[in-house]
Amino acid sequence: MQALGLDVLFKGSNLLRLLGGLGKALEISLIAVALSLILGVLFGVLMTFRNPVIRALSRIYLEIVRIMPQMVLLFLVFFGTTRVFGWDLNAEAASVIVFAFWGTAEMGDLVRGAIISVPKHQYESAFALGMTKSQTYFTIIIPQAIRQLIPLSINLITRMIKTTSLVMMIGVVEVLKVSQQIIEANRMTSPNAAFGIYLTVFVLYFIACWPFSILAKHLERKWSN
Amino acid sequence: MANTLLKIENLTKSYDGNVILKDFNLSVRKGEVIVIIGPSGCGKSTLLRCINGLEAIQSGVIKLDDEIIDSKSKTITKLRQRVGMVFQSYDLFPHKTVLQNIILAPTLVQKRDKKEVAAEAEQLLDKVGLSDKKDSYPRQLSGGQKQRVAIVRALCMHPEVMLFDEVTAALDPEMVREVLDTMLELARQGSTMLIVTHEMEFAKAVSDRVIFLDNGEIIEEGAPQSFFNHPKTERAQKFLHTFEFEHIK
Numbered sequence: 000m001q002a003l004g005l006d007v008l009f010k011g012s013n014l015l016r017l018l019g020g021l022g023k024a025l026e027i028s029l030i031a032v033a034l035s036l037i038l039g040v041l042f043g044v045l046m047t048f049r050n051p052v053i054r055a056l057s058r059i060y061l062e063i064v065r066i067m068p069q070m071v072l073l074f075l076v077f078f079g080t081t082r083v084f085g086w087d088l089n090a091e092a093a094s095v096i097v098f099a100f101w102g103t104a105e106m107g108d109l110v111r112g113a114i115i116s117v118p119k120h121q122y123e124s125a126f127a128l129g130m131t132k133s134q135t136y137f138t139i140i141i142p143q144a145i146r147q148l149i150p151l152s153i154n155l156i157t158r159m160i161k162t163t164s165l166v167m168m169i170g171v172v173e174v175l176k177v178s179q180q181i182i183e184a185n186r187m188t189s190p191n192a193a194f195g196i197y198l199t200v201f202v203l204y205f206i207a208c209w210p211f212s213i214l215a216k217h218l219e220r221k222w223s224n
Numbered sequence: 000m001a002n003t004l005l006k007i008e009n010l011t012k013s014y015d016g017n018v019i020l021k022d023f024n025l026s027v028r029k030g031e032v033i034v035i036i037g038p039s040g041c042g043k044s045t046l047l048r049c050i051n052g053l054e055a056i057q058s059g060v061i062k063l064d065d066e067i068i069d070s071k072s073k074t075i076t077k078l079r080q081r082v083g084m085v086f087q088s089y090d091l092f093p094h095k096t097v098l099q100n101i102i103l104a105p106t107l108v109q110k111r112d113k114k115e116v117a118a119e120a121e122q123l124l125d126k127v128g129l130s131d132k133k134d135s136y137p138r139q140l141s142g143g144q145k146q147r148v149a150i151v152r153a154l155c156m157h158p159e160v161m162l163f164d165e166v167t168a169a170l171d172p173e174m175v176r177e178v179l180d181t182m183l184e185l186a187r188q189g190s191t192m193l194i195v196t197h198e199m200e201f202a203k204a205v206s207d208r209v210i211f212l213d214n215g216e217i218i219e220e221g222a223p224q225s226f227f228n229h230p231k232t233e234r235a236q237k238f239l240h241t242f243e244f245e246h247i248k
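As given, the protein sequences belong to chains A and B, one line each in that order. Read in numbering that gives the first Met the number 0, the first sequence has 30 at position 31, and its numbers run on one by one without any break. Read in numbering that gives the first Met the number 0, the second sequence has 126 at position 127, and its numbers run on one by one without any break.
Misleading hints may appear alongside valid ones.
[Claimed, not checked] To be clear about the criterion: a stretch of chain B counts as covered by chain A if any three or more of its residues have a C-beta under 8 Å from a C-beta of chain A, and this derived list gives those stretches:
{"no.": "1", "stretch": "35-47"}
{"no.": "2", "stretch": "193-207"}
[As the list claims (entries may be wrong)] With a straight-line Cα cutoff of 20 Å, these simulated SDA-like cross-link-like pairs (lysine to any residue) come out:
{"no.": "3", "chain 1": "B", "residue 1": "Lys95", "chain 2": "B", "residue 2": "Lys71"}
{"no.": "4", "chain 1": "B", "residue 1": "Lys29", "chain 2": "B", "residue 2": "Ala55"}
{"no.": "5", "chain 1": "A", "residue 1": "Lys161", "chain 2": "A", "residue 2": "Lys132"}
{"no.": "6", "chain 1": "A", "residue 1": "Lys132", "chain 2": "B", "residue 2": "Lys110"}
{"no.": "7", "chain 1": "A", "residue 1": "Lys176", "chain 2": "A", "residue 2": "Asn191"}
{"no.": "8", "chain 1": "B", "residue 1": "Lys95", "chain 2": "A", "residue 2": "Ser133"}
{"no.": "9", "chain 1": "A", "residue 1": "Lys119", "chain 2": "B", "residue 2": "Ser88"}
{"no.": "10", "chain 1": "B", "residue 1": "Lys71", "chain 2": "B", "residue 2": "Glu8"}
{"no.": "11", "chain 1": "B", "residue 1": "Lys95", "chain 2": "A", "residue 2": "Lys161"}
{"no.": "12", "chain 1": "A", "residue 1": "Lys132", "chain 2": "B", "residue 2": "Thr76"}
{"no.": "13", "chain 1": "B", "residue 1": "Lys126", "chain 2": "B", "residue 2": "Leu53"}
{"no.": "14", "chain 1": "A", "residue 1": "Lys132", "chain 2": "B", "residue 2": "Thr74"}
{"no.": "15", "chain 1": "A", "residue 1": "Lys119", "chain 2": "B", "residue 2": "Glu8"}
{"no.": "16", "chain 1": "A", "residue 1": "Lys132", "chain 2": "A", "residue 2": "Val40"}
{"no.": "17", "chain 1": "A", "residue 1": "Lys132", "chain 2": "B", "residue 2": "Gln109"}
{"no.": "18", "chain 1": "A", "residue 1": "Lys132", "chain 2": "B", "residue 2": "Glu119"}
{"no.": "19", "chain 1": "A", "residue 1": "Lys176", "chain 2": "A", "residue 2": "Ile153"}
{"no.": "20", "chain 1": "B", "residue 1": "Lys6", "chain 2": "B", "residue 2": "Ser39"}
{"no.": "21", "chain 1": "B", "residue 1": "Lys95", "chain 2": "A", "residue 2": "Trp222"}
{"no.": "22", "chain 1": "B", "residue 1": "Lys132", "chain 2": "B", "residue 2": "Ala117"}
{"no.": "23", "chain 1": "A", "residue 1": "Lys119", "chain 2": "B", "residue 2": "Glu119"}
No lab work stands behind these hints: they were computed from the structure. These numbers come from a predicted model, not from an experiment. In this text, a Cβ means the ideal position worked out from N, Cα and C, and glycines have one as well.
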């Protein structure tokens, strides 16, 4: 225990504090995920429109998100806006904004891909059977798009959860920040704490993300065709 | 003409300035089986798509009984229920079982009773030899089986005219026969059918009238026996010749 630095876990309320930090990370990521799913579906549908202005704007948005490192975005929103726009964002709000901004773009792209992946013939077969446009969308196109979408969006969700480890950089006390604090506080008594604590963080992230991965795999198998 | 079910008058259809169908006229009697043949790109498929309102037309009139088929009108979904169509790529809905594929439109669009439709669907499936497949998903079926399900799906809407767009073109040779047999059976029962096909022997057997189309115009039409044995126009002769191999021997 001592050699691996795991003993620190059971000192005081260290384990509880770590779990609290994980809770914070999950809170930020799940709020951001919820926002991203809703806004992403809207954005995705918007991207299937033929309007050139909408197309250009969504293209630019998507490229910005893809190119810009999340950490830079976090710094920009948290530190950058404070003086320039006079926004007094707390670190958690800034994190949610950045993660939702990122998630919406990626989710939108997945939704767009899923919608256009439904072959044109599916629409025509439905129309040929006398279905209206909305009947076709709700019974034929959207159910097929969702089957495409769920495994991919779960992948995005786990990526968003993992990436919350960046938000400590703007002062959110999440699981990684708590770990640093614990390691610092026990530097003299348990010099090996870094290994034990970070290993624990690794396991915690794994436990948080693993169920999503299983679900994705399960759905993928169920709907494979 | 008495009993005219479908009447096409002066139909013109073009895509981006390319004329696909030129001043096309055709009337189809109730119970008549018409086979449309011609080289690819001649407008055969487009003709069927126009009849089902899947394509906007530039001029002319397509009438089913006395109702005008207009792809942009609000009543087009009503008219499409009276016209059944089966496509080359047998597009069954992959997320629904065979039975669900068949009963979806009758229950959703025609608001018919689910039990009654399901019973009819099973009866039709039995006729095409697929009653044991009703709970299978399309991915579990062969191409020929899928195409027979697609035919049943269209039939279950009780259409007054059936359109078949090269329904065997994407099938393996062994699968072709089972689909053609299903269509022959339909013809025997007195269905009104418009069939686009490259199966010349089948065309000969099934049709009341053959139409040879090239460049969007009817080049020749007539009874199958006279058309296939003694085509009058040079273009039809040349076209039919491409299906024969005797001269190679």
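Quick rundown of the hints versus the structure:
Here the stretch 35-47 of chain B counts 0 residues with a CB under 8 Å from a CB of chain A, which misses the bar of 3, and the coverage is violated. Check result for the stretch 193-207 of chain B against chain A: violated, 0 residues qualifying (beta carbon to beta carbon below 8 Å, three or more required). A hinted pair counts as satisfied when its Cα atoms are at most 20 Å apart, and Lys95 (chain B) with Lys71 (chain B) does not qualify at roughly 29 Å. Between Lys29 (chain B) and Ala55 (chain B) the alpha-carbon distance is near 25 Å, which puts this suggested pair outside the 20 Å criterion.
A threshold of 20 Å between alpha carbons decides the hint, and for Lys161 (chain A) with Lys132 (chain A) the separation of about 40 Å lies outside it, so the pair is violated. Pair hint Lys132 (chain A) plus Lys110 (chain B) holds up; C-alpha atoms about 17 Å apart against a cutoff of 20 Å. Proximity of Lys176 (chain A) to Asn191 (chain A) is assessed by CA-CA distance (about 17 Å); at most 20 Å being required, the pair is judged to hold. The hinted pair formed by Lys95 (chain B) and Ser133 (chain A) meets the criterion: a straight-line CA distance of about 18 Å does not exceed 20 Å.
This hinted pair checks out: Lys119 (chain A) and Ser88 (chain B) have alpha carbons roughly 11 Å apart, not beyond 20 Å. Between Lys71 (chain B) and Glu8 (chain B) the CA atoms are separated by roughly 18 Å; this keeps the pair inside 20 Å, and the hint holds. For the proposed pair Lys95 (chain B) and Lys161 (chain A), the alpha carbon gap of about 36 Å is over 20 Å, so the pair is violated. The hinted pair formed by Lys132 (chain A) and Thr76 (chain B) meets the criterion: a straight-line CA distance of about 9 Å does not exceed 20 Å.
A threshold of 20 Å between alpha carbons decides the hint, and for Lys126 (chain B) with Leu53 (chain B) the separation of about 29 Å lies outside it, so the pair is violated. This hinted pair checks out: Lys132 (chain A) and Thr74 (chain B) have alpha carbons roughly 13 Å apart, not beyond 20 Å. Taking the CA atoms of Lys119 (chain A) and Glu8 (chain B), the gap is near 29 Å; set against the 20 Å cutoff, the hint is violated. In summary, the hint linking Lys132 (chain A) to Val40 (chain A) is supported, as the alpha carbons are separated by about 19 Å, within the 20 Å threshold.
Only pairs whose Cα atoms come within 20 Å are accepted, and Lys132 (chain A) paired with Gln109 (chain B) is accepted, the gap being roughly 15 Å. With a C-alpha separation of about 26 Å, the suggested pair Lys132 (chain A) and Glu119 (chain B) falls outside the 20 Å cut-off, and the hint is violated. Taking the CA atoms of Lys176 (chain A) and Ile153 (chain A), the gap is about 26 Å. The hint is violated against a cut of 20 Å. With a CA separation close to 24 Å, the supplied pair Lys6 (chain B) and Ser39 (chain B) exceeds the 20 Å bound.
About 11 Å separates the Cα atoms of Lys95 (chain B) and Trp222 (chain A), which keeps this hinted pair within 20 Å; it holds. Restraint check: the Cα-Cα separation between Lys132 (chain B) and Ala117 (chain B) comes to about 14 Å, which is no more than 20 Å; the hinted pair holds. A distance of roughly 29 Å separates the Cα atoms of Lys119 (chain A) and Glu119 (chain B); the hinted pair therefore is violated under the 20 Å criterion.
Of the hints listed earlier, those the structure fails to meet are numbers 1, 2, 3, 4, 5, 11, 13, 15, 18, 19, 20, 23, in rising order.
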